[in-house]
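Start from the sequences, fold in the hints, and give me the full structure.
Take a look at the letters that make up each chain.
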Amino acid sequence: MRWWLPDAGSTFAGPIDTLFLAILIITGIALVLVEVGLVTFVIRYRGRPGRKAFYTHGSTRAEVIWTAIPAVTMVALGLISNHYWVLIKGRRSVPPNAYHLGVHAKQFEWQITYPGPDEKLGTSDDFTVRNQLHVIVNQPTAVELTSEDVIHSFFVPEWRLKQDAVPGMHIIAWFQPTKTGEFELGCAELCGMGHYRMRAHVFVHTPEDYKAWVAQQIAAGGGGGGGGGSE
Amino acid sequence: MTTVAHARPDAHAEHAPMGFWRKYIFSTDHKIIGIQFLFVSLFFLLVGGLLAMQIRWQLGFPNTPMPGGKILPETYVASNGVILPEYYVQLVSMHGTFMVFFAIMPLLVGVYANFLIPLKIGAHDMAFPRINMASFWLALLAGLIMMTSFFVPNGPIRSGWTNYAPLAARPDLSGVTVGQMLWCIAIVVLGLSSVMGSLNYITTVINHRAPGMTWFRMPLSVWALFITAILGVLALPVLQGAAIMLLFDNVLGTHFFDPVAGGQALLWQHLFWFFGHPEVYILILPAMGMVSDIIANGSRKPIFGYHSMVFAIIGIAFLGWIVWGHHMFMSGMNPTLGSTFMVSTLLIAVPSAVKVFNWMGTMWRGNLRFHVPMLNAIGFVSMFTIGGLSGIFMAATPVDIPIHDTQFIVAHIHYVLFGGSLFALFAAITYWYPKMFGRMMSTGLGKAHFWLTFLFYNLTFFPMHIIGMGGQMRRIYDPTIYDFLKPQQPLNVFISYAAFALFAVQFLFAFNFLWSLKFGKKAPQNPWDDNGMEWSLPNPAPHGNWERTPNVYRGPYEFSSPEAEARGTDFLPQYVKLPTDRDPAPVPVPAAGH
Amino acid sequence: MTHATQTIDQMRPPFPAEPGAGVYSNKLGMWVFLASDVMFFTALIGSYIVLRFGAPGEWAKPGAVLNVPLTAFNTFLLICSSVSMVKAYAAIQDGKKYFLRPVPGKLLRDGGLKFWLLVTMICGAAFVSVQLVEYFKLVHHGFTPAGFRDGSLLAGEAAADPVKYGLAVAGLYGSSFFTMTGFHGFHVTCGVISMTYLYFTKVLPEKYSPQDYRGIEVIGLYWHFVDLVWIILFTIVYLI
Amino acid sequence: MTTPTTTHKRPNYMLIWLYLFIMTVAEVSLAFELPLSRNVKLLLLLFLAVWKALLVALFFMHLKFERWRLRLIFIIPLPLAAILVTAAIMEKVF
Ligand code: HEA
Ligand code: HEA
Ligand code: CUA
Ligand SMILES: [Cu+2]
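Residue numbers (our numbering), protein chains in the order written: chain A, 1 to 231; chain B, 232 to 825; chain C, 826 to 1065; chain D, 1066 to 1159.
Calculated from the structure, these hints are not laboratory results.
None of the values given here were measured: they were computed from a predicted structure.
Treat the hints loosely; a few may be bogus.
Only pairs whose alpha carbons sit at most 27 Å apart, straight line, appear in this in silico DSS-like list of lysine-lysine [unchecked claim]:
1) D:Lys1074 to C:Lys939
2) D:Lys1074 to C:Lys1032
3) B:Lys808 to B:Lys752
Facing chain B, according to a computed beta carbon distance under 7 Å, are these residues of chain D, among others [unchecked claim]:
4) Glu1098
5) Leu1145
6) Ala1146
7) Ala1147
8) Leu1149
9) Val1150
Beta carbons: idealized from backbone N, C-alpha and C, even for Gly.
Here's what the structure looks like:
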């Protein structure tokens, strides 16, 4: 049973989790203020015989204070968030050395296209695997998201990465895995009755393992149902 | 030059006694229409709740036969009574649709805008009573159309209450045919009803205020309902237009949202959320307004910072128009646009802060009376704060990346809509029940209902934040097929039990509501010692409200004022004329030339 | 027929107005409704603009698919109906409840409320019928909300000259064209129906007077708005 | 509210009708006859359309003679419409 975000699996996890914590603290303070305030008022000012309410229409000073403080906090929060937002999702944020994969979503499976030995997409030696995403650890990777039919959403919790795949659009999302191992890729946008089982396996390899896997795929004639999570 | 107001065209003259049908069914009396709305939308609230229970069963106990599931047709459940994936998606979609469009919106706007506005501003009725009646019957019609979609082949929509295209636009992809059309038609009809209602409220507030009821003597509830009506009049037509285009995509083969022929999938999202976010403020502002009245009454103090409360309402309503993109951060929308939407969204925390802190300021050094409405109002403040604060997480774009479309969002939805709107409604229903039916609701039952609801509600929805952080997506039929979700399944089970309990205790309220209709104790004229104009009338108020247009002598929140103390009470109604008060200038009627 | 000598404000109804907005409720209500109608057309027209901007190809050249002369005539009809509407309003302001009345020394007879409102209704009805004819022609030639019907006349011509006929985006073209003009036509129809209703229940019985002609002013506002929308539509749908 | 000191004279509706008519003719001929670049045409056409719309709103709908309170009701939706369209277009052009 986990009470926090999943373990960090990509370089995004750092800033995002910190930001999450920061907001948790800010809002936590606000929350405690409000709830504790309410409880104390409820107890201290509960109606008792002979008690008189204090007749006032408000205090401009107090109101200015509790307008200004949230305003400042929010603007600051906005600026900080935007800094990371641009780094993560900005149209120009994809690193030049990123390793590009094609991810084609359709009801209800993921078709991942690998560039093959020449490391270039859209060439003859590309091969496609169903519901299996193999990537290299610490290697900036860019997935070029397209969709066959409806809107799907590429979601790997450990990577703190989510991006819709929209029919008619060609969206590039990038990430840099920091942990080898096996993860899960889920679909986060309702895409029909099969939405819940639109799931793929994610394998983060060391460069060597990845090369080996590619070689083995080529040998096997590439493509096809690469087994795995296609229930 | 101005002449004295003559009796309003809608004054009591035409309010002669009439037969049962004209009086209770095809009534044009705003109070009766409000009550009609009340019963209908409580029924739809029950429907929404029943759907929710099935959702919880599935999420808590995937592929175990649902008790009584066997009675459902085999298009919905397997022969052994296990919910089918299609049906689950339909449950979620219709739950959201019914709760938002047919339960909470009619409850807040249909019931209380109708019931309160004329009573609180001293008007004899709405500006257009017949349009008002039409608005109710259209709303009912829309609800029934939406209901029938359960009984047509392939059942209701399968694309969430948001109906994202192209899924919703392509029967071949969604597997829904008639259901989708019915959804669109129902929404168009509902939109019509809302626009009719709203333009009624706007005109009434602007043109039918009693002498002395200046803008800044209006209770905050009226202010909120007025601003809400403006939102409604401007937002719903957009949804209607979108729904019509979606309908045409389904039946006429148009290509608005169909990328294959050059349509744009994101266009639907823009149209929907451009309506959708003002809509969520339609669902909260009236609640805020009524809670303000109740908290002032319960604290026996003037509302803290009346003017800033008004401007906060206006501010929220205005900002509500420029934040819709925060629902689309992950949709592939231009990231620069995302930045601007983030900032505007975060700014909404400011007017909301003003409201929350002013409510606390109102209770501060008050003389609190914990009657049932007050309890629920306090519940509203504390719970809405949680919901609002979780909104801040999602508003910060980077943080929204992991939690978008997870149960974290679901937690937010319910903290603002149940913890917010619905608690406010429990308060409002209890508070104005005597004005509606002339009887009080049982206090004991009311308190029991409040505390139990408060408890189980938090047990149900708070853990959703955690499983959302854990990554459980929304609208998934069976979380357990994901390995990373298996460990937190016990929490889902826990939530489900809590939800069943939550549903069960709602029947305390249902019982209290229905039982008191007949057996509740007779209500005194001013049961809550309140200042509102409505309490100058007998309970229930007669058709046409006042014999002669009443005069208003002061603001709505004169609790514990020196004048009041002088009278040996702690409240001073707006309609009471003190020897020191001069009559307000009679409503000036511009003579020829205007 | 301008009343330079008249001293009272001719542009403000002479009968009691409610406080607040300073206009009587029906008029205020109509204005609020028009505001919401603006948002409705925003959804339709806005989508058209957005789709056309993002379209994968060029729109059909003006007049290639649609019959502009016919529609120009239709536009003319609607403008006339608008002016006749406002003449009806002026007529009742001056208390002219009659249909036509000869003016000594003038060749033309002077029109009253009954005349001008009837003209408006006829123009409106004519507009709708012409639009229906246009629709039938278009569909017959193969232009449908879904685009060019394959095997149809237009489809053939479009295949021959894809640029002129905007073949690539025919689907969007059909969708937006029929939806926008269709809902405008629907508005016109509603206007004609309600005017006919007023004509028989209020105008013919001479219920309106210079002291009270709210119905005429309110329906007039609606009618002019519908005309206004058409002015925009005609330009952006047919001429651009 | 007291009667304003200014009294409005009724505009000559027939004249406005003439304007509208002429501008419509102008639009059609502009769109088909004149050998102008597409964008210039576009601007001119939109300009004419807005002008005509304004004539109708100001004179036929009497907005010219109404109080600001009433004009506002009609003006408020326009910026909202603009916001919606610009935001939705940003998808394609950035
Ligand atoms: C009554 C309805 C209601 C209300 C009032 C709100 C209020 C807010 N909502 Fe919410 N929202 C919904 C109903 C509502 N929402 C629904 C139904 C959805 C889901 C739709 C769907 O996808 O199905 C949603 C989704 C939603 C999203 C999209 C999430 C996603 O899909 O990824 C976002 C993102 O920004 C958001 C943000 C906010 C914010 C910032 C507020 C703000 O208005 C909150 C402001 C209030 C406070 C901040 C608390 C009080 C203030 C203080 C105590 C002062 C101190 C605070 C600070 C200093 C921070 N909401
Ligand atoms: C106001 C709105 C509202 C309310 C009150 C509720 C109430 C509840 N909702 Fe809500 N829910 C939404 C709005 C609401 N929901 C929306 C908008 C969504 C998103 C839909 C989508 O994703 O498309 C959603 C989605 C949603 C999900 C997510 C499903 C998924 O994404 O997979 C879940 C899951 O647990 C859930 C559960 C519940 C539960 C257990 C309740 C319980 O609180 C229900 C308790 C029961 C009642 C409140 C009824 C009591 C009433 C009576 C007894 C009637 C009284 C009668 C008389 C007096 C005559 N809801
Ligand atoms: Cu694909 Cu959900
Ligand atoms: Cu929102």
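Hint check:
no., hint, in the structure
1, D:Lys1074 to C:Lys939, "24 Å, holds"
2, D:Lys1074 to C:Lys1032, "26 Å, holds"
3, B:Lys808 to B:Lys752, "30 Å, violated"
4, Glu1098, "31 Å, violated"
5, Leu1145, "6 Å, holds"
6, Ala1146, "9 Å, violated"
7, Ala1147, "11 Å, violated"
8, Leu1149, "5 Å, holds"
9, Val1150, "9 Å, violated"
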